[in-house]
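Participant: Quick mapping for you: the protein sequence lines, in order, are chains A and B.
Under our numbering, the first sequence has 64 at position 64, and the numbering climbs by one with no breaks.
Under our numbering, the second sequence has 69 at position 69, and the numbering climbs by one with no breaks.
FYI, nobody ran anything at the bench for these hints, they're computed from the structure.
You may find that some hints are simply not true.
Stretch by stretch, here's where chain A covers chain B in the computed footprint (C-beta under 8 Å, at least three residues) [what the hints assert, rightly or not]:
hint, stretch
1, 1-10
2, 69-80
3, 87-98
In silico EDC-like pairs for lysine to aspartate or glutamate, Cα to Cα no more than 20 Å straight-line [to be verified]:
hint, chain 1, residue 1, chain 2, residue 2
4, B, 9, A, 38
5, B, 27, A, 38
6, B, 12, A, 29
7, B, 26, A, 65
Virtual Cβ for every residue (Gly too), placed ideally from N, Cα, C.
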Amino acid sequence: MIGIIIEVVKVAIFLLVALTAGAILSWVERRMSGLIQDRLGPNRANVVLFGRNITLGGLLHPVADGIKMLFKEDFIPDGANKVLFVLAPFLAMFFVLLGFASIPVAQNLSIGEFVLKFHFFDFNIGVLYLFAISSLSIYGAILGGYSSNNKWALFGGVRAAAQLISYETVIGLSILSMVMYFNTISTSEIVSKQDSLLFGFLPNWGIFAQPISFILLFIALLAEGKRAPFDIPEGESEIIGYFVEYSGLKFAMFFLSEFIEVVFVGCIITLLFLGGYNIPYLPADNYALAVPSIFFITGIFPLILSYFALRYHRSYSFFIILLTVGILMLILTILAALVPQIGLVFEIFVRFAQILVFSIKTGVVVFVMFLIRWTLPRYRFDQLLRLSWQRLVPISILNVIITGLLIL
Amino acid sequence: MKGLIGILKGLKVTFSHFVSNILFGKKGSIVTIEYPDERLKYGPNWRGVHRLLLRDDGTPRCVACYMCQTICPALCIKITATERPNSHPIEKMPAEFIIDELRCVVCGLCVEACPEDAIRMDSGRHMPPSTDRGHFILNSKVLHSIKGYQDRE
Numbered sequence: 001m002i003g004i005i006i007e008v009v010k011v012a013i014f015l016l017v018a019l020t021a022g023a024i025l026s027w028v029e030r031r032m033s034g035l036i037q038d039r040l041g042p043n044r045a046n047v048v049l050f051g052r053n054i055t056l057g058g059l060l061h062p063v064a065d066g067i068k069m070l071f072k073e074d075f076i077p078d079g080a081n082k083v084l085f086v087l088a089p090f091l092a093m094f095f096v097l098l099g100f101a102s103i104p105v106a107q108n109l110s111i112g113e114f115v116l117k118f119h120f121f122d123f124n125i126g127v128l129y130l131f132a133i134s135s136l137s138i139y140g141a142i143l144g145g146y147s148s149n150n151k152w153a154l155f156g157g158v159r160a161a162a163q164l165i166s167y168e169t170v171i172g173l174s175i176l177s178m179v180m181y182f183n184t185i186s187t188s189e190i191v192s193k194q195d196s197l198l199f200g201f202l203p204n205w206g207i208f209a210q211p212i213s214f215i216l217l218f219i220a221l222l223a224e225g226k227r228a229p230f231d232i233p234e235g236e237s238e239i240i241g242y243f244v245e246y247s248g249l250k251f252a253m254f255f256l257s258e259f260i261e262v263v264f265v266g267c268i269i270t271l272l273f274l275g276g277y278n279i280p281y282l283p284a285d286n287y288a289l290a291v292p293s294i295f296f297i298t299g300i301f302p303l304i305l306s307y308f309a310l311r312y313h314r315s316y317s318f319f320i321i322l323l324t325v326g327i328l329m330l331i332l333t334i335l336a337a338l339v340p341q342i343g344l345v346f347e348i349f350v351r352f353a354q355i356l357v358f359s360i361k362t363g364v365v366v367f368v369m370f371l372i373r374w375t376l377p378r379y380r381f382d383q384l385l386r387l388s389w390q391r392l393v394p395i396s397i398l399n400v401i402i403t404g405l406l407i408l
Numbered sequence: 001m002k003g004l005i006g007i008l009k010g011l012k013v014t015f016s017h018f019v020s021n022i023l024f025g026k027k028g029s030i031v032t033i034e035y036p037d038e039r040l041k042y043g044p045n046w047r048g049v050h051r052l053l054l055r056d057d058g059t060p061r062c063v064a065c066y067m068c069q070t071i072c073p074a075l076c077i078k079i080t081a082t083e084r085p086n087s088h089p090i091e092k093m094p095a096e097f098i099i100d101e102l103r104c105v106v107c108g109l110c111v112e113a114c115p116e117d118a119i120r121m122d123s124g125r126h127m128p129p130s131t132d133r134g135h136f137i138l139n140s141k142v143l144h145s146i147k148g149y150q151d152r153e
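Chain A extracted, bound-state conformation:
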C-alpha cells in the first residue's frame, strides 16, 4: 500500500517538474535567443502586486501564454481525421513523458527494509527502453501531420518520419558502442560504472571513453528531438510544420512536448556520457567531501549572479530569488558538513546532492542545445539525409568496429 502511495507521489512530483520545466524552458529559449542576438527578449508580461509591477524578468510570459491558449478556439479542420487529430498531441506528450521512466536521478535509498528508488522502473534493458520510447515520440508528429488534411502539415509529418528513419540508425549504432564499452544495458548499472577514473586522471564518463559516439549521438538526438539545425519538420519559414492546423491547448501540448523532449535528450546525454548523478573525482563511497562542496558551488554561483542581477539589470525579483537560493545552499553546505557521515540524514543529503548534480548536468546539455539552435542555420532536407547516411552512419559503424577491437 505504502509503495503505491510513494509511486503516485513520485509520478506527481515528476509531472510537476517536467511540465514546469517545459514552460520555463519556453521562456529560457526566448530570453536566451534575445541575449544571444543582443536583444532583450520578452520581459514585459506583468502582474501588479502591492502597487508594483512584478515581471520576474519575463517569467510570467509562459503563464500568459498558457492562459491565452486555454481560451483559444479548439479548432478541428474540415475533412480532418478527427480521432487521429485529437490523439496526435496526446501521443506526442505521452511518449515523451514515458521516456523518463528508466532514468535514475540518484542512488537507491534504503530506509530500514524499504528501498526508495529514484526512478520508476529499474529495467535490466533500460537503455533499449529509452531509445524505443524516444523513437515512438515521432508518432505525434506523423499522425498530427497526416490527420490535419493540410498539405503543409503532411509535409511536416513526412519529413519527421524520414528524419527519424535516417537518424535512428546512427542512434542505434552509437548506443551499440556505448553498450559494448560498459558491457551492460541497464541504465543504473551504466551510471554506477561511470564512477571510476579513466587513465587515472579523467572521470570514466562516456564522453571521455567514447567521444566519437558522444558527438554522433548528440547530433542524432538533436535530429530526433526535432531541434535546430534539424528542425525541418517544423521549419517555420518554409512549411509551418506538422502542427499548422492545431490551436489552443492541443498546440500547447505539441509545444510543451517539444521542450520536455529537450529535457529528455539532456537526461539521456547526462546518463550515458556525463556520468549521470556521479560527482567527478569523488567516488560514490567518499561523499563526505563531495556533498558539501557541491552545495557550496551551487550556493556561490547564484550569489555571484544575484550581484549582477542587481547591479546591471535592476531586477529586484531575480536578486531576491538568487540570493535566497544561494543562502539556502550555503546553509545546506554547513548542515551537510556538520551531520555525522553515516546515518539516514547524511544519506538524504547525498541523494539531494546527486539529484542536484544530475539536474545541473542536464541543464548544461539543454543549454548547449539551445545555443546550437541559435547558432546554426537549418539544414536543407537533402543535406540532412546526406549528413546521416553518408557521414554519420559510416563513422558510427567504424566506431563500433574500433570499439569492438579495443575491447577484444
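Chain B: place on chain A using the hints.
Facilitator: Frame of chain A, contents of chain B only:
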C-alpha cells in the same frame, strides 16, 4: 572534423554574446531602448512643434514680415499684422499668428527664413494626438507659451 571546428567557433561567438549580455545587460552589447519606460533624447536640431519667442520686454519678437508665411511650402502659417501700441521703435507685430500643425511638413524653412529668430522648432515635443482637428491649429498665445528644448531640460 573541419565542420565541427567551424561549429565550435560559431558557438563561441554566440556564447560570448550570451555571457556578456546576461551578466552586464545594457552595459554589455544590448542596445534596446524600452520605449515607454526609456526615451531617447532628441538632438538640438530636431524639429518639433513650433514656438514663438518673446523679446526681453515681453512683446513678441515677430515683426510680421511674412517671410515664413511666404516660404512655407505647405501654406500652414497665417499672419495678421498690426501696429504696435505707443511709440515702440519697431512698428509692426502680428495681431494673430496661426500655424496649422496638420498641414505643416516639418521642413524647418520658416525657422531659416525668419530674420528676427522669432520662430523656432526646438520645443522638443511632438504634436500630441487628438480627435479634434481644431486642437492642431495653434494661435500666437499658445505658440508663445511653448517652452524651448533647452529651457525644459
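Participant: Now tell me if each hint is right for this structure.
Facilitator: Hints versus structure:
no. : hint        : in the structure
1   : 1-10        : holds (count 3)
2   : 69-80       : violated (count 0)
3   : 87-98       : violated (count 0)
4   : B:9 x A:38  : 18 Å, holds
5   : B:27 x A:38 : 11 Å, holds
6   : B:12 x A:29 : 18 Å, holds
7   : B:26 x A:65 : 27 Å, violated
Violated hints, listed in ascending order, are 2, 3 and 7; each of the other numbered hints is respected by the structure.
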